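> Using the hints, position chains B, C and D against chain A.
There are 4 protein chains.
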Amino acid sequence: MVNVGIIGAGRIGRVHVESICTQVPNAKVKLLADPFMTEETSAWAKGMGVEATTKDYKEILADPEIDAVLICSSTDTHSPISVEAIKAGKHVFCEKPIDHDVAKIQEVIDALKDSNVKYQVGFNRRFDHNFEAVQSAVAAGKVGDVHVIKVTSRDPEPPCAEYVKVSGGMFLDMTIHDFDMVRFLAGCNAEEVYVEAAVLVDPAIGEAGDVDTAVITLKMENGAIAVIDNSRKAVYGYDQRAEVFGSKGMVATANDSASTAVISNENGVTGEKPLYFFLERYMAAYAKEIKCFIKAIEEDTDTPLGVMDGLQPVLMGLAAKKSLEEHRPVKISEITM
Amino acid sequence: MVNVGIIGAGRIGRVHVESICTQVPNAKVKLLADPFMTEETSAWAKGMGVEATTKDYKEILADPEIDAVLICSSTDTHSPISVEAIKAGKHVFCEKPIDHDVAKIQEVIDALKDSNVKYQVGFNRRFDHNFEAVQSAVAAGKVGDVHVIKVTSRDPEPPCAEYVKVSGGMFLDMTIHDFDMVRFLAGCNAEEVYVEAAVLVDPAIGEAGDVDTAVITLKMENGAIAVIDNSRKAVYGYDQRAEVFGSKGMVATANDSASTAVISNENGVTGEKPLYFFLERYMAAYAKEIKCFIKAIEEDTDTPLGVMDGLQPVLMGLAAKKSLEEHRPVKISEITM
Amino acid sequence: MVNVGIIGAGRIGRVHVESICTQVPNAKVKLLADPFMTEETSAWAKGMGVEATTKDYKEILADPEIDAVLICSSTDTHSPISVEAIKAGKHVFCEKPIDHDVAKIQEVIDALKDSNVKYQVGFNRRFDHNFEAVQSAVAAGKVGDVHVIKVTSRDPEPPCAEYVKVSGGMFLDMTIHDFDMVRFLAGCNAEEVYVEAAVLVDPAIGEAGDVDTAVITLKMENGAIAVIDNSRKAVYGYDQRAEVFGSKGMVATANDSASTAVISNENGVTGEKPLYFFLERYMAAYAKEIKCFIKAIEEDTDTPLGVMDGLQPVLMGLAAKKSLEEHRPVKISEITM
Amino acid sequence: MVNVGIIGAGRIGRVHVESICTQVPNAKVKLLADPFMTEETSAWAKGMGVEATTKDYKEILADPEIDAVLICSSTDTHSPISVEAIKAGKHVFCEKPIDHDVAKIQEVIDALKDSNVKYQVGFNRRFDHNFEAVQSAVAAGKVGDVHVIKVTSRDPEPPCAEYVKVSGGMFLDMTIHDFDMVRFLAGCNAEEVYVEAAVLVDPAIGEAGDVDTAVITLKMENGAIAVIDNSRKAVYGYDQRAEVFGSKGMVATANDSASTAVISNENGVTGEKPLYFFLERYMAAYAKEIKCFIKAIEEDTDTPLGVMDGLQPVLMGLAAKKSLEEHRPVKISEITM
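Protein chains in written order, with the working numbering: chain A, 1 to 337; chain B, 1 to 337; chain C, 1 to 337; chain D, 1 to 337.
Keep in mind that a hint or two might mislead.
Since the list gives no way to pick out one identical chain from another, each pair is judged satisfied if it fits inside one copy or across any two copies.
What the hints assert, rightly or not - Calculated lysine-lysine pairs in the DSBU-like style (CA-CA distance at most 35 Å, straight line):
no.	residue 1	residue 2
1	K233	K322
2	K142	K165
3	K248	K165
4	K55	K104
5	K322	K104
6	K28	K87
7	K55	K28
8	K295	K46
9	K331	K233
10	K295	K58
11	K58	K165
12	K291	K30
13	K30	K46
14	K113	K30
15	K142	K248
None of these hints come from the bench; they were simulated from the model.
None of these values were measured; they are calculated from a predicted model.
In isolation and in its complexed conformation, chain A is listed as follows (with noise of 0.2 Å):
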């Protein structure tokens, strides 16, 4: 049994609570922490199991009995609480991104070099049904040789402004995960970048400073070429998809919906939209990830995303960010560490 405690009882926390709770029979949520826990959550929490709560998060990197956190506070605390939990001596799942600053995930690289515990990061995708359906698939050699990676990913939802201005931009905040599950399904390292993006679902999002539509194209380090779309809003709901096409043939996938129910009539043959957003389309993998990492914690192997893997998507953010400004493909390795 592994004792964990949750730091950050935010919408992404309350996941990971409730996963843990009720999907991880291996691990117990000893603690839970926010700045601004309530009563009403410390009852939802302890009505799902959860041990304790508290207001300080120190409380959980002082407790002997607890062997791994999870960080999923604010991004800015991601890197700093890194360093302190991997000193304290704890396992770190850390939400995405670690930082969007490339010195301060050096900080926490540089803190697990000396240290035994397990790092992992929240690419939670990579444990999705489909998008594991298509790596495996490329992992045995199903479709040859990989030339082109297209991944589509659209939010139903564009954030509101405020929320815009403190994201880090696009690339950081919602490509980040599509940098990801490129690097997963290339099986390699980006090394450059070149960004089409543009203002079109909300002007305040161009006021804010950021772009909410893009055509991201990346060179690949085993020569494939992928090409991300994003979109801050389909209405139509959360549109996941990635296809990847090789010398053998291709494997792509679908959006999930909730059921497979079509109704023909009149108007044509009709079935459902895609799941809303990522709490739908997500939870099993949301689930998969946290059980993976306690695997990794009791069988004392490697997590499936180190700190590695969360340093790369923020250096092609970055890259990103500078050929948008730019107006030029950037190489990866043009981001200075």
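Same frame as chain A, now just chains B, C and D:
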């Protein structure tokens, strides 16, 4: 070059005129006959490339340059004109059904015995790309031994009550195609039929003595069970599907539609309806059956659908009528010849 | 919090243990009984969160703190334990079928008359996301008046002959789910049944006195015609589909599979097989039926599937057996109670 | 009746001969010219209904009875013969591309200025049922404002290196169709192009100075972003898809295949591959473009694809070449005329 005379310039006669003139380069329509031949029809036919038109089909039978006739006249004339044409030494393509009366079909069978003419019945669906693919898969052993055959056949609009009265009833008018399809897919004849039917679409059809909705179960000679479901009205268009299930798997078809375009929006994910009706769905099949008929003449081989293939579905239809009347399973062998 | 006792720790009993422990927060398994309770099973159960285990189900009935029992024992015990449990004042969730003998079901009905207990029968497929979507569409009038209902239900592997002998036959063991589905989708009872069936999968099933392939036609009280096709062996996996056709259109489902990934290569365009069997396909449905049962207890409402819903499919199954034996359509009313 | 002369009896010339002879009743092929006209070709053409054949295309231009010419000769002759034909007062249907040299296209534009002839360029894919459906949906506002356009275009087999050398490169030979498709779907011109390309299919293509795999991003005048992905070799067949995403939804197509038959067995659920190549996929589109050309002549209206529609994709192709060479985004306006 095979010279053809076409008897009947109604809907299906015109389909064959057009097919031959545009898609069967080794056949020529020398004469088109219809008792109600108008100047407009004649002009249309000549514009298509038909040499001449007449009101008297006997001119076709008398023309020594004509090798083959297509009988597209009203159902009651199919068998007598078949006999006349056979006696005149013409190859015969006869629209379905040969007759509703088994004795009349027997006269055609008898006439063919002492002749060298080719005889083909117009079960066009065997030449449809989808059903051909299903039959090919079955014949190639891809589903193993056949256990269950399912045919869905629904029209987009019911016929008028006047037509229903002279149609011979749904089983001989509409289901007869499905009876042929079941034989085509099973590769054998039916032994027994059971009908569950109702008037659910239009009470006028019931008043005309017919049904408009049916589920028909058949025991095939090879042990397989077949089931046909029919409706005279599917608001979403012409629903024509088949599924064959066996010891090694299943092969199934979907409907054809005008395009593969699918629209995703707030209401769902919507593709096009099936093609509207038989002219849209089976246009290529109509041309293909005639090509096969012409080829059988040119190469002196059997036609793909001989007179016995015309007889069996009529026996099945008559057994179905008897099953409906007597509310019990009826053996095909009960239908006296 | 509803305290539950589970009688039977076989496959389905364990499914319910797991569902309740992980997905039904407002229920607790206080006691799990099985005459063959082993230490391993007991340990597993306690690991899942079950309070205690026993070999004697009567301990469950005698425990005043237990509100409800789940009867997951062998079929022959369903009705007597139901009666006992009702008399002990426990709410009852009973696996299907209640009994193969109508008189025994009547005893349960009688026992319920003077009681206040909730009774639910385990037709789990009603809680499957796909069939729920079909039923919702039908109930919302999206297909108009129902004309034809089609249910395909094929198992991936046949049971062994030993099981077949005690199973009550395919209609009461396997088709009984489809009989319930037809009632669920039609919104009414069946009036008459006709069976066409054969032994095509495994001669040993025939030697055990049963069939393994069937097409079953039903006349429903609302005038609709239903047809079920069953096979004990579909090599491609568990085939569970439904289609409802009516005056305003059609609603149909496809199977679920492990992912939407599709591989295109020289051999074609290949997607995954359907999920293997009922544990894969209906896991969420098993949890949902129990949630509904617990909710009915907590809110003091009717269960979604009462004892009469348990009776009707048995009547349909017995009528189907009679139809097969007498080779004729059989009215449900012929099955004496 | 429009009298047509066809210049060039190669693959595409023959496609047009066949289309006109069998599917365009209001046009007649009076003369077919090819410098390498053989007796076999001549016999074939006459069998199809062509009146006469010649080795000298100037006979076509000199024939006062000929209304229109189809230029299906080698690419380098397209523009000079266009100019000659325009001066001879013939309506012109010219295969794509008009020329690789913008100055040569300008000569055609200039020649048209003082003439009354109709000019149409052979971008056949606009007449494909699937792309027509997408464009219609976009034009009808069904996806709202267009944000992202995606075109996938992959050939089943790469051309030989010899062909590659004279082809003008992949962008002017293959992608040119996709450039036109993007304009068709966006309803406007492109402003800027960025290319990421590689030699992944066949090193001989690289040695011939070309690429075989590309992802091309375009900024459209209406603000939309378009992305084309190309490969010279998709082992599963001709992959021709489009997706348009906008403020109100998405419309997307799938490939066509020979049938809808799907086989389910132990290996999965397998449908047919896409139709093999352009002759299979676009046969109906080739006929339709000629019907539209003939209609424009008969009704004295604009052709659906004028000379400026021939120019723009060439500009896009030249910009793409420059982008590849200079590894930067290139504005269409940089391509000097």
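> Now, for every hint given, state plainly whether the structure supports it.
Going down the list of hints, with the structure as the test:
1. In the homo-oligomer, the alpha carbons of K233 and K322 lie at most 35 Å apart both inside one protomer (24 Å) and across protomers (34 Å), since each shortest distance falls under that limit.
2. When the C-alpha separation of K142 and K165 is checked against a cutoff of 35 Å, the pair qualifies only between copies, where the shortest distance is 32 Å, while the shortest distance within a copy is 43 Å.
3. In this assembly of identical chains, K248 and K165 lie within 35 Å of each other by CA distance solely across copies; the values are 26 Å between and 44 Å within a copy.
4. In this assembly of identical chains, the alpha carbons of K55 and K104 lie at most 35 Å apart only when taken from the same copy (25 Å versus 60 Å across copies).
5. Within a single copy, K322 and K104 get their C-alpha atoms as close as 19 Å, which meets the 35 Å cut-off; across copies the closest is 40 Å, which misses it.
6. With identical chains, the CA atoms of K28 and K87 are at most 35 Å apart within one copy only, with a shortest distance of 22 Å there and 40 Å across copies.
7. Within a single copy, K55 and K28 get their C-alpha atoms as close as 19 Å, and across copies as close as 30 Å, so both meet the 35 Å cut-off.
8. Taking the shortest Cα distances, K295 and K46 sit within 35 Å of each other both inside one copy (24 Å) and across copies (21 Å).
9. Both within a single protomer and between protomers do K331 and K233 lie at most 35 Å apart by alpha-carbon distance, with minima of 29 Å and 28 Å respectively.
10. In this homomeric assembly, K295 and K58 come within 35 Å of each other (Cα to Cα) only inside a single copy, at 25 Å, whereas the closest approach across copies is 40 Å.
11. In this assembly of identical chains, K58 and K165 lie within 35 Å of each other by CA distance solely inside one copy; the values are 29 Å within and 64 Å between copies.
12. Within a single copy, K291 and K30 get their C-alpha atoms as close as 16 Å, and across copies as close as 27 Å, so both meet the 35 Å cut-off.
13. Taking CA atoms no more than 35 Å apart as the test, K30 paired with K46 passes in both settings, with 10 Å inside one copy and 20 Å between copies.
14. Only within a single protomer do K113 and K30 lie at most 35 Å apart by alpha-carbon distance; the minimum there is 27 Å, versus 48 Å between protomers.
15. Proximity of K142 to K248 under the C-alpha cut-off of 35 Å is found in both arrangements, the shortest distances being 7 Å within a copy and 24 Å between copies.
Comparing the model with each earlier hint shows no violations; every hint is respected.
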